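Enquirer: Sequence:
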Amino acid sequence: MTKQNLSDSGALCAKLTHATLRVLQKNGGEMRGKDVLEQITAQVEFNEWESNILPQNGEIRWRNFYSRALIEPTKAGFLIKRKGIWYLTPEGEEALKSSPTEIWAMANKKYKEWKTVNPTQGAEELDSGLTDTSSFEVPNSELSLERFEQLALESITDAINAKTAYEFQDLAAALLRAMGYFTPFVAPRGKDGGVDIMAYRDPLGTLAPRIKIQIKHRESTTPVADVRQLMGLLQKDGDVGIFFSTGGFTPDAKSTARGSHVHVELIDLDRFIILWRQFYDKLKDDDKAMLPLTPVYFIASLP
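Note that the sequence shown ends on residue 303 in my numbering; no numbers are left out.
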């Protein structure tokens with residue numbers, strides 16, 4: 001299929017799909033959706049039509065298309081969206097060997113196959129962009145829900161990033177208590193290095209595992225040296241390490257933790273948010289007050 005067979009909207013969807021998969025590939029195959037969008041904004045050139053402001057909502061056209069453009073490649077299995085994190089799949093990696101137009105055509109074909117099996121699910125089938133039409137209907141409930149979820153994730157992320165290192169340390173300790181652990185030791189202010197939190201299954205720490213926790217609340221990724229430092233503190237049978245890092249971890253740090261003979265669990269900001277949501281109902285009221293959440297009920301799809 002050649003590019004001239006695409007309408008303006010189809011060409012834009014092809015461009016956005018290819019750019020999304022490429023950004024994920026260049027960043028290890030896993031990113032926050034917000035960060036993917038930021039990189040596309042900075043790296044991809046858009047023509048005048050794609051950059052126009054839409055009068056009905058004041059949005060830039062390509063930004064208005066973006067969520068809709070990813071329905072086909074997502075249903076085709078080229079990428080996975082999960083709790084605000086986007087993952088490039090092996091199928092998406094393979095698709096990147098083709099041109100943007102070919103990727104869009106493959107995504108449409110696979111989407112139609114999925115739609116045949118699931119006729120009542122997902123967004124309504126819209127123009128694939130392979131015809132001579134320049135209009136593009138932007139969808140309703142499925143995309144609105146996705147946008148609200150993204151806004152919710154961003155607001156929680158901003159609230160955590162606004163915390164001091166000691167405030168985030170208190171959040172980590174609260175999360176552990178909600179998970180059923182006792183936290184008899186939380187490092188006082190001024191202490192740096194070593195163990196920041198100790199967590200036990202019982203009040204006296206007589207039952208394994210005994211968990212030693214380090215906390216890093218910063219923008220930069222945590223290097224492998226810091227993870228190895230925590231490993232060096234796990235000297236007794238039954239010792240387990242947890243490393244909280246809001247800046248994430250370098251690839252070497254992740255691989256070292258996975259291959260270690262001692263158990264070290266790495267928790268980045270995205271995983272922390274998932275766990276905070278999961279155990280929120282088990283938090284004490286004082287702990288909830290440090291990062292309060294409110295559920296929002298939303299119609300995901302209409303009959």
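What the hints contain is simulated information worked out from the structure, not anything from laboratory work.
Wrong hints could be hidden among the right ones.
To be verified - Label-pair restraints from in silico Cβ distances:
1. G247 - T41: 49 to 57 Å
2. M290 - L204: 25 to 33 Å
3. Q229 - E38: 27 to 35 Å
4. P203 - A42: 50 to 58 Å
None of the values given here were measured: they were computed from a predicted structure.
Just so you know, even glycine gets a beta-carbon here, dropped at the ideal spot from N, CA and C.
Enquirer: Could you run down the list of hints and mark each one as holding or not?
Expert: Here is what the structure says about each hint:
no.	hint	in the structure
1	G247 - T41: 49 to 57 Å	22 Å, violated
2	M290 - L204: 25 to 33 Å	26 Å, holds
3	Q229 - E38: 27 to 35 Å	32 Å, holds
4	P203 - A42: 50 to 58 Å	51 Å, holds
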